[in-house]
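With these hints in hand, go ahead and build the complete structure from the sequences.
Protein chains in written order, with my numbering: chain C, 1 to 331; chain B, 1 to 331; chain H, 1 to 331; chain S, 1 to 331; chain X, 1 to 331; chain Y, 1 to 331.
There could be a bad hint or two in this list.
Heads up, the list lumps identical chains together, so a pair's fine if it works in one copy or across two of them.
Within a straight-line C-alpha distance of at most 27 Å, the following computed DSS-like cross-link-like pairs (lysine-lysine) qualify [stated by the list, open to error]:
(1) K219 to K157
(2) K219 to K71
(3) K82 to K217
(4) K217 to K251
(5) K217 to K290
(6) K71 to K217
(7) K290 to K71
(8) K251 to K71
(9) K251 to K290
(10) K219 to K82
(11) K174 to K157
(12) K177 to K71
(13) K71 to K157
Rather than coming from a laboratory, the hints here were simulated on the basis of the structure.
Protein chains: 6
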Amino acid sequence: MPTVVTFGEIMMRLTAPGRQRFSQATGLQITYGGGEANVAAALAQMGMSAAHATVFPDNDLGRAAGAFFQKAGVDTSCFVYKGGRLGLYFMEVGDGMRPSRIVYDRYESAFAHLDPAAFDWENILSGARWFHWTGITPAVSASAAQACADAIAAARKLGITVSTDVNYRRVLWKYGKQASEVMPDLVRNCDVAVCTEGDAADIFGIRSSGFVEMAGKMKDAFPNLREIIATRREVLSASHNRLTGLCFDGKEYRESPTFELNPIVDRIGGGDAFVAGYIYGSLHYDDPAKTLAFATAASALKHTIEGDYNLVGAQEVEQVMGGDVSGRLLR
Amino acid sequence: MPTVVTFGEIMMRLTAPGRQRFSQATGLQITYGGGEANVAAALAQMGMSAAHATVFPDNDLGRAAGAFFQKAGVDTSCFVYKGGRLGLYFMEVGDGMRPSRIVYDRYESAFAHLDPAAFDWENILSGARWFHWTGITPAVSASAAQACADAIAAARKLGITVSTDVNYRRVLWKYGKQASEVMPDLVRNCDVAVCTEGDAADIFGIRSSGFVEMAGKMKDAFPNLREIIATRREVLSASHNRLTGLCFDGKEYRESPTFELNPIVDRIGGGDAFVAGYIYGSLHYDDPAKTLAFATAASALKHTIEGDYNLVGAQEVEQVMGGDVSGRLLR
Amino acid sequence: MPTVVTFGEIMMRLTAPGRQRFSQATGLQITYGGGEANVAAALAQMGMSAAHATVFPDNDLGRAAGAFFQKAGVDTSCFVYKGGRLGLYFMEVGDGMRPSRIVYDRYESAFAHLDPAAFDWENILSGARWFHWTGITPAVSASAAQACADAIAAARKLGITVSTDVNYRRVLWKYGKQASEVMPDLVRNCDVAVCTEGDAADIFGIRSSGFVEMAGKMKDAFPNLREIIATRREVLSASHNRLTGLCFDGKEYRESPTFELNPIVDRIGGGDAFVAGYIYGSLHYDDPAKTLAFATAASALKHTIEGDYNLVGAQEVEQVMGGDVSGRLLR
Amino acid sequence: MPTVVTFGEIMMRLTAPGRQRFSQATGLQITYGGGEANVAAALAQMGMSAAHATVFPDNDLGRAAGAFFQKAGVDTSCFVYKGGRLGLYFMEVGDGMRPSRIVYDRYESAFAHLDPAAFDWENILSGARWFHWTGITPAVSASAAQACADAIAAARKLGITVSTDVNYRRVLWKYGKQASEVMPDLVRNCDVAVCTEGDAADIFGIRSSGFVEMAGKMKDAFPNLREIIATRREVLSASHNRLTGLCFDGKEYRESPTFELNPIVDRIGGGDAFVAGYIYGSLHYDDPAKTLAFATAASALKHTIEGDYNLVGAQEVEQVMGGDVSGRLLR
Amino acid sequence: MPTVVTFGEIMMRLTAPGRQRFSQATGLQITYGGGEANVAAALAQMGMSAAHATVFPDNDLGRAAGAFFQKAGVDTSCFVYKGGRLGLYFMEVGDGMRPSRIVYDRYESAFAHLDPAAFDWENILSGARWFHWTGITPAVSASAAQACADAIAAARKLGITVSTDVNYRRVLWKYGKQASEVMPDLVRNCDVAVCTEGDAADIFGIRSSGFVEMAGKMKDAFPNLREIIATRREVLSASHNRLTGLCFDGKEYRESPTFELNPIVDRIGGGDAFVAGYIYGSLHYDDPAKTLAFATAASALKHTIEGDYNLVGAQEVEQVMGGDVSGRLLR
Amino acid sequence: MPTVVTFGEIMMRLTAPGRQRFSQATGLQITYGGGEANVAAALAQMGMSAAHATVFPDNDLGRAAGAFFQKAGVDTSCFVYKGGRLGLYFMEVGDGMRPSRIVYDRYESAFAHLDPAAFDWENILSGARWFHWTGITPAVSASAAQACADAIAAARKLGITVSTDVNYRRVLWKYGKQASEVMPDLVRNCDVAVCTEGDAADIFGIRSSGFVEMAGKMKDAFPNLREIIATRREVLSASHNRLTGLCFDGKEYRESPTFELNPIVDRIGGGDAFVAGYIYGSLHYDDPAKTLAFATAASALKHTIEGDYNLVGAQEVEQVMGGDVSGRLLR
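Listed below in structure tokens is the structure:
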């Protein structure tokens, strides 16, 4: 029985090598990821038992994506292989003043066409301590939103902690519902939310002049939320960012130390690594400040890792959390 | 003004390197191709002026596909960049007794959603001598079928030779029409058709016990058809085939010499190379047997070329057509 | 509970790319394999539940090897991470008249230093139907031989079928015992043995003038053996072999059809694929001839697969077994 | 009819991968470039109609170079394929305190042996608004210098703006003439010159203590010059430069904002991107300061692009010109 | 003191990867070779002491070429680094009926501009037993022809065996002399000549209807020649040849066994490997038939080796010479 | 006769590409190195005559390692090929805050099993001016320690300068002796020692509060030591260090300028490059400050070079030593 369960779409990511632009590339590198599966994979790498639930097309590409997460140590017993196509995204990697660019190609995916009945959530979540979802899932289709709602309900019934990264992506909401119609009911039953000022405004209509004000209003709107968390990212260039973790628990506001991210190896999945670190910290430390520091250090380390998920051990995060960011050679 | 015009969808092909299976691949090689554009590109490589008409999504991937055919020397002034996604297909390459496998991912492409009014065929075809289309185009959507019909009508009006590769792909016909409902009206105004016994049965309900019988019945059904052509492929293994060109002009049946294809570098686009060779031969030789030999030699050579289109010069084809298949080093 | 359990060492294989000789290589390709784990992985790919037991060093390389077999779908709950080093082998790939060459570097591995008590065989084998080992395991160390004996004893106690590939490698027996001292007691309790005339002579002192004579003598020496099986490999060149499966059940001698292996993509693990196919066939068909054909077809297909284990589905093997060795493109 | 025409040699660039030194490289990456063709290609990428005139050898390498610029969207109808060899340059890429190194191998190229009569400049330039050449062309041979003079004369006759990058390379002037003998007559009929203090001294004997003084003296010497422009590059390391655009129009001296180039992906062609940006700006904005800022931003962005020419869109340059150098991920 | 000394130009070879045509390649693989240096390198790999004399440009490319032959074990103490450029040749690799193509770019090389006085042949050859040159060297320039004549004279004076591969390349003779004017005087003092019927006709005007007749006439024309040798190559396809060694000593005509070369990994340097094998055999066996068989087996094996020179040991050749062409895996 | 002789083990280094972690790598890049051989190779690149003595296994991997150093220009006449295995180390490359990691796999190597009698030191060192060894050699086995002692004794007898990098690696001392038992007798006869405060404490029990105090105590303990040298490395991140050279000659303490290492291409062998630079400087300059500056500049440059040894020329070091760290492009 896994300790943590996540739910969401997994896509194939096809990245142009080096600093090539799309039209220069004669090949693309493959990895697989998704905002929720990245959390499960990061937790598995840190030694936790983590399961992910998703739907893949029943073809060679879906199977290859599934095998990728098997390798990552994720419990894949809730992978459903059925119909459709595999969502894709194409990426070219910028540097310095040139941004990285992503072209999504994820519509009509097997996941978007999922049958909510394919997941027996009470069974899946039985024995787990944590369930995580993101705002991307209810955005892709009505049935995905339904499955998400079902999962949250089951988690609540079983007394499992529920976290969400509300993560607003305007372009995804295409099936006739708006985020503002769907998300509040889902967030209402969550314990922890990753949310930025922009997300709060876009999804919940909560205007604010800063994180703490926003977080306070979120807590007012969703009283079950114990904590609102986020990262603040200072973007100096495509290769150099600064990252700070933020947390408000209704009473206290905390900030993690700020980490220099320079050079950035792969920026994708930085937020998911933060969530995984937060879950790991919450379940291992009885110390909110340490949890926030661990989460932010995990996210910082992610920026040195190729691929979407955070392929580091808990000990590596603890070393960075402890202030050793020197990267001194380990023999 | 191009001498030859082709029309059809172009897809990105993503191929696993070497003999890797999909789940082993950590990268994919990019090429671009389409059954009709491959004909235009092969003709351009043989020094002819060839234009292709198609629709790409107006994004980085569509632009990259367009640039690929610019490099091939195709006249790309009829490329439309608008909406949608780029059709894709994934390929793993077999060897010996293990087949190559293709996973198509082409639905809802920008091409399928094309607006027939985007192409002013009389203008596009003005001054051309040949127009070529395939049975894949009317299969992908009603609007694509309409654009195909428009093009054929314009060609006929301008007195341009029209060829088609009827190429039946059952799985593509998903928009509510069957091939048998759409294709006859399109083929009716063509001068040349690539057609196998299987295609004739599947599309036109023409049963036969051999190529000549089928071709005769096709001529009866479509009196405008001057010639029915095809290749016969003996598949000894994924790496070793034998190829013969066939032609029936209503009176005479011709066979080209048979070419050993061993080893096969890339089998995709072999039929398109045959068509390109046939068009080249028809426009350069006043000799049907020579035209057939040239077409078949071109197709044979294609199997030694990486990618979808036949990157060889006319002189190279003529050397093979002339019987020199020794591949002796050229210093 | 896995249906099949295998036990043995897993090594990292480092292969020079293309046809490079060792001194030309500036990089090496990684795969992982072992004569027994390859069987488990092939069975997992064919949809069976298969577990492997082994010992890896508790370092990054051992973990990477473990993850490789997780990806292959093998049940890795019996992987022990403890001490030592990871066995390696280096390979350069020949072609035509130039042989492939292997340099082993496997001594003092974590597996060779295993503690037999680390494996609770009755628990591991509980619920399984088949246990497979090879003559390589008792060759590497006394403790590995002991673990092998323990596993066989437990399997016998639980009534599980036991198979072995006796696989004599003279150079491995370095810990003070000879194969002839150790192997008979292990083979005595097996139901199926892969054994060639050479192996029978080298290990058991059984001289013969052919497979059937040898197999008969083996049955006399080891009455529990129900079947002696093997493949006959005609080596025309490094790139072209012919393969036939052989089986003697004490009464009847069977030969499979002969498969042309041309070109050979990767010859390593051909024998392991034969064993996996034999186990699959035995557990799915009630037909020894079909089982032998499936096993040989599986081995034949393996020669088209990169890496040590047979990454093919049962349906693919059945197609070849059914006589379709044309490798015709699958769209 | 192209809006901008450029003229000059195109070479194959062969670059050692990563940070390898020449003796470590077992392969070289191919790109193609030339100081003038890079301008045409950059303009084509920014949506302008740009033609380039050059001579290639009539062999596979010349054809490949030609196809490269077709892909870039350059009008290649003035490419002449005749005789000789393709000029080459080899490059190893430095980093930090280690410089990149170039080994030129361009003598006796097809371009150097060009026949001036091969270019009908009045026809080529008909309808164009801008002609650009550099000091490299008259340096390679007398016939190239003659073709350059012919082109400038035709442009002047047609009333087309002429720009030059005077770009002094001492080692190139080997055919018996010195730059000081040839260049003044060519520059005399130009409207815009890229020129540094060093170039002015080396070519025209104009000594100065700074850009403005030099530019003033250049204007005095060449009254047709409307503007003298240049970039000032502060070289902190092979991976970190600072870049500022400079312009003097006889009355006013302008400086662009200074851009941090860190890390530098590919420094080659930075000056050509500046010229392309200057031409684009001149033809799109009626604002010299904006033109200079656009030119410098374009050059800055070039340093993030692999290859010799600036593969960016006008919108991307405008974003950087507008001050957004954050490289923030574009989804 | 080396046992064998060779003299001639070394070029950088730049090969398109896989089966790519030149215009498809985005990179080229580097190796270095020359018809004479390949002989020295092959002998060094077979354990002999072999020196090569040549001239490289004194730049990074020349040094890299020199280091390549240091790695091969060649005595490089006679490498001169001075002036000029490094000769190059570009190659695309065919397959099946498509030929491999070579584009030479070797004019004006440092070697062609060599100063004959740079080589003190009596010192270089002191203690050696064999000197080898080819007809390529006197073809590239008058000074190279002079150095060749000097070396032969010195060898003769020292009583050293001299061999030549007369190797006529019409396109190389560009400095005002014809082969027929230069070669006879050089061959006159040789002991062994590799010569085909075509070479004999083109260089010496010796017409013949077969190898033996030609060889007899060569012996008549050049009485010092002890043996005329050659290989007969049957070219079935770019990937499949058959090779037989031929030898005539004035009295006896011998043929080696015929070797199937299938598939061919790299055909370049097959003749040089034959010469190296012939020299090795002559110096190790007192048996002309065995020497011829060894030479032909060495050449056959070369076709399985990437690069220009024969990277195999004498034992590997002897195994093939002994009839084992099975390529059976060596563990 | 080489000017400098070094002695020690050479290992194959297998590095994961880019920033991949071990479990992500599907291939590994090969280089070869050793703390002493790196010194010889760097000196050879700087134009000095340098020999290295070592033992390799007599297999393909040992031969490949030997050829690697032949290419580097090292005199390899003292390479012994005998028995055992080749030591290996695996590396993954970190970036920013993530450290690079090394997994050693060097036990039971051919070098560790060397026979001290295999080296005739008086002959090997005859005519040399400098002998260098490191504390790694006596750590690997008693016989290696003995060979080291023999070499030092011979050098002393011949009046050759002896340098050592004491380089304490606790994990290596496994054969029953401690560093503190073995090293003092070896260092006693040395002229120069690279030693940090940590090394001095760990090996010699010399506690200190800084380099100068330690160096003074070292000189007291080992009166033959003329100079104690070291580098001080400030580790800001895996990609950014600062490096300063330190030297104490008993009277005077010197520091080199401090070099910014950013970005770091390959940090391995930085110390060996310092030693090579120190030897070069000592033998070329009569100026201790210049020698120290050259040594530190050489080490700084090494961080921009891929692989273990410093592939730069003396002139390149002198440019950096002279203060030009701009990395300005060299055409």
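A quick look at each hint next to the structure:
In this homomeric assembly, K219 and K157 come within 27 Å of each other (Cα to Cα) only inside a single copy, at 21 Å, whereas the closest approach across copies is 62 Å. For the homomeric pair K219 and K71, neither the shortest alpha-carbon distance inside one copy (39 Å) nor that between copies (42 Å) is at most 27 Å. For the identical chains of this complex, K82 and K217 are neighbours neither inside a copy (41 Å) nor across copies (43 Å), given an alpha-carbon limit of 27 Å. In this assembly of identical chains, K217 and K251 lie within 27 Å of each other by CA distance solely inside one copy; the values are 12 Å within and 59 Å between copies.
For a Cα distance limit of 27 Å, the shortest separation of K217 from K290 inside one copy, 25 Å, qualifies, whereas the shortest one across copies, 44 Å, does not. Taking the shortest Cα distances, K71 and K217 never come within 27 Å of each other, neither inside one copy (41 Å) nor across copies (45 Å). Within a single copy, K290 and K71 get their C-alpha atoms no closer than 30 Å, and across copies no closer than 34 Å, so neither meets the 27 Å cut-off. Taking the shortest alpha-carbon separations for K251 and K71, neither the intra-copy value of 41 Å nor the inter-copy value of 45 Å comes in at or below 27 Å.
When the C-alpha separation of K251 and K290 is checked against a cutoff of 27 Å, the pair qualifies only within one copy, where the shortest distance is 17 Å, while the shortest distance between copies is 51 Å. Within a single copy, K219 and K82 get their C-alpha atoms no closer than 39 Å, and across copies no closer than 44 Å, so neither meets the 27 Å cut-off. In this homomeric assembly, K174 and K157 never come within 27 Å of each other (Cα to Cα): the closest approach is 31 Å inside a single copy and 44 Å across copies. Taking the shortest alpha-carbon separations for K177 and K71, neither the intra-copy value of 36 Å nor the inter-copy value of 38 Å comes in at or below 27 Å.
In this homomeric assembly, K71 and K157 never come within 27 Å of each other (Cα to Cα): the closest approach is 32 Å inside a single copy and 34 Å across copies.
The earlier numbered hints that this structure contradicts are 2, 3, 6, 7, 8, 10, 11, 12, 13.
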